[in-house]
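Protein chains in written order, with UniProt numbering: chain A, 1 to 454; chain B, 1 to 454; chain C, 1 to 454; chain D, 1 to 454.
Worth flagging that the hints you see were computed from the coordinates, not collected in a lab. Treat the hints with caution; some may be incorrect.
Copies of the same chain look alike in the list, so a pair counts if it fits in one copy or across any two.
Stated by the list, open to error - Only pairs whose alpha carbons sit at most 25 Å apart, straight line, appear in this in silico DSS-like list of lysine-lysine:
1) K332 / K31
2) K259 / K289
3) K4 / K306
4) K321 / K289
5) K16 / K324
6) K306 / K211
7) K4 / K119
8) K330 / K31
9) K31 / K259
10) K289 / K127
11) K145 / K127
12) K31 / K411
13) K411 / K16
14) K351 / K127
15) K161 / K211
16) K306 / K127
17) K289 / K339
18) K306 / K31
19) K306 / K40
20) K324 / K96
21) K16 / K321
22) K324 / K31
Number of protein chains: 4
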Amino acid sequence: MEMKTFEELDRLPMEKVFKDPVHDYVHVRHKLILDLIDTKEFQRLRRIKQLGTSQYTFHGAEHSRFSHSLGVYELTRRIVDMFERNYPNEWDSEMKLVTLCAALLHDVGHGPFSHTFEKIFDTDHEKITTDIILSEETEINAVLKRVSLDFPNQVASVITKEHANPQVVQLISSQIDADRMDYLQRDAFFTGATYGAFDLSRILRVIRPYKDGIAFQYQGLHAVEDYIVSRFQMYMQVYFHPASRGMEVTLDRLLYRAKQLCQEDRLYPRFPLLDPFFNDNPTLEDYLKVDDGVLQAAIITWTESKDAYLSELSRMFIDRKPLKSVTFEKGKDEPIVDKLRGLVDQLNYDKELYTLINSSSDLPYDYKLKSKVPIQLIQADGTFVELSQASPIVKTLSGNLQGDHRLYVPKELLDDNPKNINMFQETYDEFKRYIRNQAVIWPEDDVKETQNDH
Amino acid sequence: MEMKTFEELDRLPMEKVFKDPVHDYVHVRHKLILDLIDTKEFQRLRRIKQLGTSQYTFHGAEHSRFSHSLGVYELTRRIVDMFERNYPNEWDSEMKLVTLCAALLHDVGHGPFSHTFEKIFDTDHEKITTDIILSEETEINAVLKRVSLDFPNQVASVITKEHANPQVVQLISSQIDADRMDYLQRDAFFTGATYGAFDLSRILRVIRPYKDGIAFQYQGLHAVEDYIVSRFQMYMQVYFHPASRGMEVTLDRLLYRAKQLCQEDRLYPRFPLLDPFFNDNPTLEDYLKVDDGVLQAAIITWTESKDAYLSELSRMFIDRKPLKSVTFEKGKDEPIVDKLRGLVDQLNYDKELYTLINSSSDLPYDYKLKSKVPIQLIQADGTFVELSQASPIVKTLSGNLQGDHRLYVPKELLDDNPKNINMFQETYDEFKRYIRNQAVIWPEDDVKETQNDH
Amino acid sequence: MEMKTFEELDRLPMEKVFKDPVHDYVHVRHKLILDLIDTKEFQRLRRIKQLGTSQYTFHGAEHSRFSHSLGVYELTRRIVDMFERNYPNEWDSEMKLVTLCAALLHDVGHGPFSHTFEKIFDTDHEKITTDIILSEETEINAVLKRVSLDFPNQVASVITKEHANPQVVQLISSQIDADRMDYLQRDAFFTGATYGAFDLSRILRVIRPYKDGIAFQYQGLHAVEDYIVSRFQMYMQVYFHPASRGMEVTLDRLLYRAKQLCQEDRLYPRFPLLDPFFNDNPTLEDYLKVDDGVLQAAIITWTESKDAYLSELSRMFIDRKPLKSVTFEKGKDEPIVDKLRGLVDQLNYDKELYTLINSSSDLPYDYKLKSKVPIQLIQADGTFVELSQASPIVKTLSGNLQGDHRLYVPKELLDDNPKNINMFQETYDEFKRYIRNQAVIWPEDDVKETQNDH
Amino acid sequence: MEMKTFEELDRLPMEKVFKDPVHDYVHVRHKLILDLIDTKEFQRLRRIKQLGTSQYTFHGAEHSRFSHSLGVYELTRRIVDMFERNYPNEWDSEMKLVTLCAALLHDVGHGPFSHTFEKIFDTDHEKITTDIILSEETEINAVLKRVSLDFPNQVASVITKEHANPQVVQLISSQIDADRMDYLQRDAFFTGATYGAFDLSRILRVIRPYKDGIAFQYQGLHAVEDYIVSRFQMYMQVYFHPASRGMEVTLDRLLYRAKQLCQEDRLYPRFPLLDPFFNDNPTLEDYLKVDDGVLQAAIITWTESKDAYLSELSRMFIDRKPLKSVTFEKGKDEPIVDKLRGLVDQLNYDKELYTLINSSSDLPYDYKLKSKVPIQLIQADGTFVELSQASPIVKTLSGNLQGDHRLYVPKELLDDNPKNINMFQETYDEFKRYIRNQAVIWPEDDVKETQNDH
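With the rest of the complex left out, here is chain A (with noise of 0.2 Å):
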């Protein structure tokens, strides 16, 4: 008699499901995903925001990556069930748990506002992703090696783009995988954008394994066009918007100060779950303590700093009123960047801690979009063509992703009729000539100034 495969023997007698608003329904089959949801790792995505500072530009984004992290499994699941179903020979069923594993969990690693977290206290939640499914300590990988001792080094490898097999590594992580896929789609809905919706069902359709990866059939070529362009629209509209930009800089402002407070000992009041982060030595366990609401918690904690200035950005952050912006062209407005910089320090702010440039191409939506694998597309003969050389769109979009350069400064230094600045109305006028149509400009004279440089 053929002896069962773990695979075989975890299937739950009845499949249990998640209602999602997104996808309908997540449906999980496996007893192993079942405790993986169920362990305290997991569990805490539920408080960490998927889209951190864009919810204070749209409301309704209030989503956590637990729901995106079912979503992914979700999505993966379904292509993989299609891909047994349809492509036995070019699909390893024996992939399928692995897969499935890392389409779960590459997301565990992140923290709280992922990206200034991790700018100030130095941390990498990809890294962290893999530590928590390497270490001996957390329930997550207690629960993978049920499958196989090595079975946690397979998951990680996948999160790591290490793993032998590229299809597997591309459903999780390539131009067009389960994970955008879900959260393009996610975010659409949530924010109400309807520009990120695309026909999801059709690409499901249209995706298929062959020998070096992921590909898709070419009849398919207008979805996956659609699918571009939404997620062009989703950039520009969403993920790169000014105002959650500003939320972000103020929050990486307000972080900084606390550090550097910290470091000259004169934090207070302390907030001893972040303790482990300001002395830059945090154990996995320290990082697992906090999220989203343990940062706000602190922040409303230093509103009653002693220290003005960061009870002042901590106010700023809890009650949303961010820096606010004018874009600049880089390589060339740098010299009046600086001006600016200048004159707001002559405004009596402190031009390290109430100005910041920001570009959205930091941003750390997309570290993807650098991805060397191109989206290939599988014509009627089975030979390839790359989806750029078949649609003009595409090729278009391809280079045009940049967003822009912002430099950040006081809200009110911005507003119409600005309070509190009569006694430096001059070094205000000054500042007011260097900006039109919230954008940097050179007015005039400084052009000429310039040019006489040269």
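Once you have looked at the hints, place chains B, C and D on chain A.
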């Protein structure tokens, strides 16, 4: 020349919109409203989830009271604009601003996980709502006073239902008001429960003012009926869900324990933001610093408490391992419920901390269900008919929204093969005799015994 | 080596899909199904609208029986696939093809504006459906016989409910079958009536086979309840709409007149495709040449008829100027109804042609409402409970889907200021005395008179 | 006292609505509009499908020009109402009624399967639209003249783009007008093609009048961009679909044959309603009697024609067995196309009747694509920028909506194993040499031959 009213002067030159996934856009046409939204007290609602512990059952339901409040404002605005256009004789246009402000602010006093928090700390969100509106110290009060010194009182009187105009009161608070219309649609959208959908646009077409309040045109009967059925379904399927109530019960017991310890001076670690609540003397300022994140940060802190009960209950809540329940019939099964609680104690759980009775009617969701104002339909000839007289479905539902009664006990006692009870096998077998199909039963001999008692 | 079944051999190498706005995609996996869709008898359904005269009230409801039939097939396929996966012991997989074919073909015998057409020409769409399946002359019969010589009989026996397997019969025809599930969703989608929405995906999850037919898991109670309420709302709001029935009544009278003229050899111009029907001897071939367009072309032709009645009734139908109605109470108001019809005659309209009684219960939509097979719920322990026992809402609705009774008369008689009646003013005043609020009433003295009769 | 305008006097005491699945409700506030909808010429649009033969590819696309016309009216109404509120100086409110009437009536001259019908019978729907508006004999003309004797001329001048107010003209007919906005959304809804969705509500927010016509606020750039991409996708996926064009080509050949026969006096059976068209002298009255159903009834009649060609082509159309196609490159492949047509003739099909070239650019859908009026964006400082200058996507698409060129031939010649050609095997092999991957190719020796010609 006629003098302009405050409302006319306050209009924005260009309306401002908030993108909303439920109502498409929220339209703000008055600076007053914009400034209320920008107050710190209103921004705080971003940090309080609309559905409390329902998020642990329906993972999409992570939306905040902030987005709900904007939604109630928007529905009220649509209704009031329609009243102005279609019923200029029945509707007093001077009521516009007070109605919109009350709609926006009706929930501003809510705290984290409202019901449980209020029960343990003896607070009252309606009272706090009016405090926030009336207190000299709030930004909201300052904004409202721009209309007139008495305006905060007017807004507060709508909340307390004491306002002289019954139309204004009923728009904000009645069987079928802007508040409920928004939350049913919104909660349905975010949970993914299609039951909650009803024909909002038709209801907004047939709603109308009359002398004594708000009524509906008779031809809208089926739309109103559908709304009532949706409401029923949402209660049965979402609001009364046993797993959400299990999280609520768990939170209740852990806060109860923390308070107990604090009052015995044994709570360690402390969590300063909560101290005023444990000491029963929170100020409004204290209250406004507390939100979902703060409460969760405290509970994360307590997972390391030296008190074994508190640390375990805290982990149960944070890691989503709530108490589980069996139903029982009120007025009949209490003797068995008492026995079961005794047996839990013998199984080495403190029965005070590890068992609790929860009745769905205790839930805070629908205090208005008890509203004495019936829903009136206006017939072609101007006469009224009360909804349940016109609709057999509604008549049926009126008496049937009772929900159930549940005894919560440690999860493992209801598992098929609980661990660690071998030394108590006999007691556990006794425990299980009283339960079948997740409901309390009277085993045969007990029935006899009890009968003999009579 | 095991021999392959017809079903296995018939599978398409690559499934074919039809894009459907309601179910996203219709998936065809057997050549048999594809070839049935391509038969001329099935293609004819494109030319027969699903909702008959409802399109004149809900302008979006222009969908055909073709798209509905594909939808019923698709829902059946989803259910049967789930049965194969989850209930291999309860469901006989050899029933698959016969079930799918019956689902696809169940409406193939429908003619234009079914109910009225059948009434005037004494045809029966169910009988014709089985004729089409069984006749040696149809393409459908030829395709079906590829399975086996007896296969057409098997398919026909599902339509006539004589098939031995009750599960197959109930999937196609019962209180909650694939037919109704499709038409409620589809009609709701195309009319725009949100009432028709119910949680289809949940119902597809809880439906299951058992020995005597089809049942639903108890936990799906609320989804089934919601379906019943949706059905009720669709009947009350869409299917029973008085304006649609007015068009039906007008069509009835015009066909009645045309038949009358034809039999008296006075019908001019003739319309050859309809001749066999006027002569009461249509063959199946004749029947298959008639569709909505043919009937409308005939009526357009008759707008130029020399018979003034026929030409006027034809214009009323083609230009959408139907008879209008007042409601009356059956068993009580008939004496008044008779008087009204007499008065219409005195007002110079032929009462035979310009008045008609229509009861919503006459409508053909829901002959299955009278189905004797109740909806069964299966509880955790395997026992059954009948739906209306478990649901007070359903119990209420069961006895309430009666609709109403209406007397249709010329539109202008119900207008506020009818033209061209000045010479009959007295008669018209008499007519109006019996009507109030669009309902028949007993004027006071008439009440007395009648009372005296007793 | 000020005199009321016709518009003010004409307002309905209570607005009337039509439930629309795409726009929720169509709101009618003027008796004029209601009476236009009730005219027989407008009601006729119920019997003409919006998408012609696309219904044979997308079975949901069975909606009529009636529902589209209501939709265009509704979008125009929303825009005009917004203009009145927000741009009282830029928009002349006296243009309201003429704009609404033109929106409602812009398609009233369409006939069945417009493009093919017009080609064979040499009619012009735009000309007929203005005829209907201006003719003394139509109900529409009578209703319009209630406004003023000149009003029909004003409405007609909007259709012909001669109206003096460019805003009015562009609202009805420009790159992004109410007509297209409705049909893209509506066709997407009914076909099920998600590509067609764009952010209509945002476009309705950013559209605005200016001196020379209609423009869009710059901040709406991405919404307009998205509209352009949706339009592109709908053309590529829906409007240019080869199967729909195959039905159109088949219809073209059958009407061509019928006309040929009629002119040779050999058409039997005749179909009286079409006679005026075959005789090239239809009156407006004749035209208004013809619709989809009439044309199909004629074709059903002709399936029994004694002319074998006509009866076969009629069956091919009615039973949906259209000619099929291969693509070819214009300006290069014509020699091969000619050879192929010759071979079809040798294979015993009349090449005149069984082959036809169809270019997607011939399609009538988008004559406006060639509109000379570009889409203008208004920047914050009031200056304009043309859309394609601001959007690389649009620039790319502007030059790429070409579609393709196709040669249609009998379906069986493109099947894998055609029947009944064994006596012509050699010719058929020759035929197949010129086709690969459903495209015309130059076999190697032919390439040489042709090259030698040069």
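For which of the previously enumerated hints does the structure constitute a violation, in increasing order of number? 1, 3, 6, 7, 8, 9, 14, 16, 17, 18 and 20
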